[in-house]
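There are 2 protein chains.
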Amino acid sequence: MLNHKSDLPAPEKPGTAPRRRGRVARREARVAAGREKVPQALRRIPAYTLLDEESLIAIEEQADWILSRIGVEFRGDDTALALFREAGATVEGARVRFDPGHARALCATAPATYRLHGRDPDRSVTLGGDHVVLMPGYGSPFVTDLDRGRRYASLEDFRNFVKLTYLSPWLNHSGGTVCEPVDVPVNTRHLDMVYAHLRYSTKPFMGGVTAPERARDSLDMARIVFGGFMDSHAVIQANINVNSPLVYDGTMSGALRVYAAAKQSVAISPAIFGGAMGPVSQPAVIAQTLAEGMVGIALAQLVRTGCPVVLGSFHSTMNLKSGALTFGSPEANLSTMALSQLGRRLGVPVRSGGGQITAANSADGQAMQESSMAMLTSILSGANQIWHAAGWLEGGLTMGYEKFVMDVDHCGMLLRLIEGLVVDDESLAREAYLDTGPGENFLSTRHTLRHFEQANYLSALPEAGPYETWLEQGSRTAEQRANGCWKAMLAAYEAPAIDPGVDEALRDFIDRKKSSLPERWHE
Amino acid sequence: MLNHKSDLPAPEKPGTAPRRRGRVARREARVAAGREKVPQALRRIPAYTLLDEESLIAIEEQADWILSRIGVEFRGDDTALALFREAGATVEGARVRFDPGHARALCATAPATYRLHGRDPDRSVTLGGDHVVLMPGYGSPFVTDLDRGRRYASLEDFRNFVKLTYLSPWLNHSGGTVCEPVDVPVNTRHLDMVYAHLRYSTKPFMGGVTAPERARDSLDMARIVFGGFMDSHAVIQANINVNSPLVYDGTMSGALRVYAAAKQSVAISPAIFGGAMGPVSQPAVIAQTLAEGMVGIALAQLVRTGCPVVLGSFHSTMNLKSGALTFGSPEANLSTMALSQLGRRLGVPVRSGGGQITAANSADGQAMQESSMAMLTSILSGANQIWHAAGWLEGGLTMGYEKFVMDVDHCGMLLRLIEGLVVDDESLAREAYLDTGPGENFLSTRHTLRHFEQANYLSALPEAGPYETWLEQGSRTAEQRANGCWKAMLAAYEAPAIDPGVDEALRDFIDRKKSSLPERWHE
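Chains A and B, in that order, are what the protein sequence lines are.
The first sequence begins at 1 in the numbering used here and counts up by one.
The second sequence begins at 1 in the numbering used here and counts up by one.
Looking at chain A on its own, in the form it has when it is part of the complex:
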């Protein structure tokens, strides 16, 4: 068992931390050299505020109206219904209604900021405030790469993305179902996935949620690693999808209750495609997301007061001519921006509905345009946790290896962006002007030499190079140039150390579980 002596030191507070010009560049050099751990990113630039107070209040009132007039159904979960009834909500059949303000009041005990611990304490992160946590894509049944093409994801692919994420300096969360390993039985798949996160990475991760007993297995495995430490600290996170509109099914709310009872991190994710699981207008989608999210957070608090949560969202627009889902669209990005504001007002960490998401089938211009737009609006909105930050293609159907490394590199750029500018004597560089003059160049000034290596973010991907060279080398697109990167990373990967006793205990647990369950390949 790992020795977590006590809780980790409090995170830096925005504004009080030392200035860090060139920190990213130095960080990168260290990481490249010896995989030194990269500290969690902190947003040092203002969050973008899209909506004014009046609009925010109108949306909050709409969420209250939805919850009092329409309500939310908890299907097949009498325990949840009983908890809501006891708390004073109106329960009729599976339908739960809340007086205006009631759901929000129930959310008040959720912490605004908390630590999510990694197996390696240096990999733990803070959720909330100005802290930013990036993680890879979640849930894709397919993977693709330029060598083998698109195919169903396997457990090997799952492990590969855990390893790539472990090696990525800019992703500080191992994710959950980084892809769906369809070559292992569906009813024990969670064991293989949780093991991969615990064994091949030391970053925080997500456990199984597809059935309450799988949630319990995930917690049991976490306990083998974290022991009693997890009685008072969050070491695992659960992605609780809402069956939007306005329905929680018993599987999900059951899993929610298992994680909440253990006081582990519960992320509530309404998933609304405007015009299908909610109205076609974005203000309605935003309000419905808030309403659905508050109810899940309220349930977590009723199960265990102070349960750490995340207000999530996932929303898509549609091409209203073809009916195809669209990602990174302007309308969806506006909702992303608004939801970060609303989450801050609710006082809980926010998971952005963005990420590097796209409808494209390959890591082409469309993919990176959509991904970049969704990601930058997420980051600027002040979201705390950004899922699908790397690898996502085809509306989430596919994790792409080349897309993954391109996205991760872009994550590094965005984390440099949110460091902002340090305006001080050194960065204003009067010395450099005194050393040169009008018309002269600054390449060899002392100031340039002092800052040259660390001034700019350095991409980890191969450059296109000048046109002629690029042409000679086969006019390779960025996607093609990225092909070697993930292979080199996997080749260089070394599994982090683990206590052999802990590893054996994990394997024993999995073996026992697997032998007690008949193999099932479909839910």
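Note that these hints are calculated values from the structure, not bench results.
Any given hint could turn out to be false.
Stated by the list, open to error - DEER-style ranges, computed between Cβ atoms:
id, chain 1, residue 1, chain 2, residue 2, range
1, A, Asp-424, B, Pro-466, 18 to 26 Å
2, A, Ser-444, B, Asp-424, 18 to 26 Å
3, A, Glu-431, B, Glu-54, 17 to 25 Å
4, B, Arg-507, A, Ser-444, 48 to 56 Å
5, B, Gly-484, A, Glu-472, 24 to 32 Å
Unchecked claim - These stretches of chain B come out as covered by chain A in the derived footprint (C-beta under 8 Å, 3 or more residues):
id, segment
6, 126-135
7, 181-192
8, 211-220
9, 323-330
10, 357-363
11, 404-418
All residues carry an ideal CB built from backbone N, CA and C; glycine is no exception.
Go by the hints and put chain B onto chain A.
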């Protein structure tokens, strides 16, 4: 001569204009149907404010320090030096120094907002305030498309980009040197370019600046079209490049004076590659841009009080390992954001240093990632005029036909984004919830049917489609799918009407000029 009866009606003021849900969608349908004119975009969401007051003041003081301690040189332009001397600046040789605050004070007479008129009054735009003007790339010697590959640009390419821009609903400025037509003599090229803008488009445009006499020719041609209207209205714009660091060469300052004397729009564009034409740190680049920009604006005011100007910027970072210029980098984007704030404080319209700019050689993932980042930070920063909004590749060496249509489509998305959200009863859609219930879908609600067609931005580019279809059709990238778009546009292009007398006068002017000048192919 066109009949501009008087100045055009004042533009809508932010906040007072009618709400326009679905306006973009409706607009698009109209445009597609009959090329109806699209009104100029207005940013209805807040500008992003990166820097706090303290940092802004530090940068402004740094600009003042540069101008008082180092100064700016005007090489080969005694008239400019005399104007500055008369205004109280210290002139020694070519060097001009300003007491702190002096250059800023000289800028005070520049208008904060003004109209830039198109040949068609309905195409006129407002520069300044919350108005947004997008224009194509500027200055590329090469063009590329997937059929013919990369090649030197010709006058035909120039005309093509003018035509494509004319047809683009989201670009409301025809640009200037949309590519460099190297198949026509260098000393009369400006005549062909200005004619193309005036004949093949009706949108505002830029004239020649590569010599004072070419500036005069451009004004003379504008006068053939606009007549006395241009004595009191801006109908042409000049791109005045600063020879950074801190030098104006006589050609550029001469051209500046020609346009300023005619009270036409003068855009000052310092061009700083951090580490070369200025220090490697972004705060210094920002302050130097402001210093160089203020001096150009000051000169315009000294030539003609109230001359309409734009504070421009163009900055690039470097890959500090390879020495290659990088575009859309986080550091450059931070400078873009800061400069919009500083321009607003100076009280003049701002041209962003961003745009859809990239170092990539083709419209691949890198190209669109870099372009999107630079463009979104430009738009959110509140920049008023965004150059290089479409077509730019290879650090500006090349205009790409496919990149152009992909960029333009993205412009449409961004202009939708800055319309923001209208939170009202209709958009909150309570009716839709009363018509459905938890677990039901919203596709056939009255609210969805009412808004279905207009809710979301509709891309003009072909969709990738579902994976299997996409695979069958050859796994075409977005760039490949865009190939047909520009060809269809050019095929559908019809030249706007022009008074035959005006056209003849323009042609006569050009013929006379050309016959009076010996052909020159190199400057």
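Status of each hint after checking the structure:
1. Asp-424(A) / Pro-466(B): 18 to 26 Å: violated (53 Å)
2. Ser-444(A) / Asp-424(B): 18 to 26 Å: violated (60 Å)
3. Glu-431(A) / Glu-54(B): 17 to 25 Å: holds (21 Å)
4. Arg-507(B) / Ser-444(A): 48 to 56 Å: holds (52 Å)
5. Gly-484(B) / Glu-472(A): 24 to 32 Å: holds (29 Å)
6. 126-135: Violated, because only 0 residues of the segment 126-135 of chain B bring their Cβ atoms closer than 8 Å to Cβ atoms of chain A.
7. 181-192: With 0 residues closer than 8 Å to chain A, the segment 181-192 of chain B misses the three-residue bar; violated.
8. 211-220: violated (count 0)
9. 323-330: holds (count 4)
10. 357-363: Our answer is that it holds, as 5 residues pass the Cβ test (under 8 Å) against chain A, meeting three.
11. 404-418: This one holds; 6 residues, not fewer than the three required, reach chain A with a Cβ under 8 Å.
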